[in-house]
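Got chain A; can you put chain B on it based on the hints?
In the order they appear, the protein sequences are chains A and B. For the first sequence, the positions run 1 to 222 when our numbering is used. For the second sequence, the positions run 1 to 222 when our numbering is used.
Errors might be hidden in some of the hints.
Pairs of lysine-lysine, BS3-like flavour, derived with a Cα cap of 25 Å [as the list claims (entries may be wrong)]:
| id | chain 1 | residue 1 | chain 2 | residue 2 |
| --- | --- | --- | --- | --- |
| 1 | B | Lys116 | A | Lys116 |
| 2 | B | Lys52 | A | Lys200 |
| 3 | A | Lys116 | B | Lys54 |
| 4 | B | Lys54 | A | Lys153 |
| 5 | B | Lys177 | A | Lys148 |
| 6 | B | Lys52 | A | Lys52 |
Hint data in this document are derived by calculation from the structure and do not stem from the laboratory.
Protein chains: 2
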Amino acid sequence: MARNKHPEETINLILDVAFRRFMEKGYEHTSIQDIIDHLGGLSKGAIYHHFKSKEDILMAVSDRMTAKSNQMLAAIRDCPGLSGKEKLKTIFKESINRPVQNDIFTVAPNFHSNSKLLSSLLHETIEEAAPDYILPIIEQGIEDCSVKTDYPKQLAELILLAANVWMNPMIFDSSEKETYCKFMVFDQMLRGFGLDIVDKEMLERLQELTSIYTKSRQSSAR
Amino acid sequence: MARNKHPEETINLILDVAFRRFMEKGYEHTSIQDIIDHLGGLSKGAIYHHFKSKEDILMAVSDRMTAKSNQMLAAIRDCPGLSGKEKLKTIFKESINRPVQNDIFTVAPNFHSNSKLLSSLLHETIEEAAPDYILPIIEQGIEDCSVKTDYPKQLAELILLAANVWMNPMIFDSSEKETYCKFMVFDQMLRGFGLDIVDKEMLERLQELTSIYTKSRQSSAR
Numbered sequence: 001m002a003r004n005k006h007p008e009e010t011i012n013l014i015l016d017v018a019f020r021r022f023m024e025k026g027y028e029h030t031s032i033q034d035i036i037d038h039l040g041g042l043s044k045g046a047i048y049h050h051f052k053s054k055e056d057i058l059m060a061v062s063d064r065m066t067a068k069s070n071q072m073l074a075a076i077r078d079c080p081g082l083s084g085k086e087k088l089k090t091i092f093k094e095s096i097n098r099p100v101q102n103d104i105f106t107v108a109p110n111f112h113s114n115s116k117l118l119s120s121l122l123h124e125t126i127e128e129a130a131p132d133y134i135l136p137i138i139e140q141g142i143e144d145c146s147v148k149t150d151y152p153k154q155l156a157e158l159i160l161l162a163a164n165v166w167m168n169p170m171i172f173d174s175s176e177k178e179t180y181c182k183f184m185v186f187d188q189m190l191r192g193f194g195l196d197i198v199d200k201e202m203l204e205r206l207q208e209l210t211s212i213y214t215k216s217r218q219s220s221a222r
Numbered sequence: 001m002a003r004n005k006h007p008e009e010t011i012n013l014i015l016d017v018a019f020r021r022f023m024e025k026g027y028e029h030t031s032i033q034d035i036i037d038h039l040g041g042l043s044k045g046a047i048y049h050h051f052k053s054k055e056d057i058l059m060a061v062s063d064r065m066t067a068k069s070n071q072m073l074a075a076i077r078d079c080p081g082l083s084g085k086e087k088l089k090t091i092f093k094e095s096i097n098r099p100v101q102n103d104i105f106t107v108a109p110n111f112h113s114n115s116k117l118l119s120s121l122l123h124e125t126i127e128e129a130a131p132d133y134i135l136p137i138i139e140q141g142i143e144d145c146s147v148k149t150d151y152p153k154q155l156a157e158l159i160l161l162a163a164n165v166w167m168n169p170m171i172f173d174s175s176e177k178e179t180y181c182k183f184m185v186f187d188q189m190l191r192g193f194g195l196d197i198v199d200k201e202m203l204e205r206l207q208e209l210t211s212i213y214t215k216s217r218q219s220s221a222r
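Chain A on its own, in the form it takes in the complex:
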């Protein structure tokens, strides 16, 4: 296959194929060669033209997913008729309910051996997702009296740091039991800010994702 005249399409093709390979074999067990073998004749040179390394591909796969997730976050943020608290609840519910989460937890990259990915998740959470999506909702919540804080920016950061990083079973290898305990502490923390927004359904979904991740890691360790 000759090099595509539309680099966007080539990049998307590489990311589609890479994501499927990561899903099937796990991130750690997929090599760049594996990805090339499934690219229908695209050369090694073409892939290295766009990506420096396998980690680079994972970052791009993850960026593309973030972009989709951000569309959902923006839609909830801008949805009329909901209070700040209701929007926060909807965001948590929708975020964990998205079917793509099953795929992400199946890919199960090892954040322990991948500090760039961890660092990028941490900075993206605090410097992009928190101010762009959670902050405006908390500001609305202060106005409609559904959130209790004088520091909306910092509360947005703290909530998202806890939800995206600390409660993420992929980062700290949490068991289902631990995910349950973290969820309960998260609930108590939120209530201190007037936010009774998590429920049993969310907890069960989070435990389901934890279990998907645990099984993927186990099969990847074999």
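Just chain B, lined up with the frame of chain A:
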């Protein structure tokens, strides 16, 4: 200088010199050659025998400081006559008051460009410091009714994640104003668990450290 027969001493010498160079020039502006030039004749080979890179040296410098800090944490944890809540308060106060903190904030490594350092701080906080030092104190606090939680392990993690990572001005380049706002949100979070343990003196010390860091970064950017 011939290679030391006591590798411990050589390592300590390298770390002492490296730390002083980092202090004087900032981490980013110190090269391995700078460190070698101040090692009184120790060869390049000798330093590379112990450390692969400048980042490796920074990790070792940071590990040595963590070991000293852990002695202080253990002493407070094991101190008789204090309630769980009082021990937590003492730990925060002593941690930020230690004079070595001024040095650490002066070295001012850039965590943005140093994802390994960030990842190691994050994992150390959650997987070592929280279970080893904060968990036993919270368990004591549950018994003496000074801490309100059913999940001591997870609360220990969340508190330390907020204090060590989120409120650390070196990680998210916080200004003094932002440090103030984070501190206020941290206080509100802690109160949700029965913990009224932070005070104005701690806030002022944290702002002082933030200001040391900000100045170091500015002079390092010049």
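Which of the numbered hints above does this structure break? 2, 4
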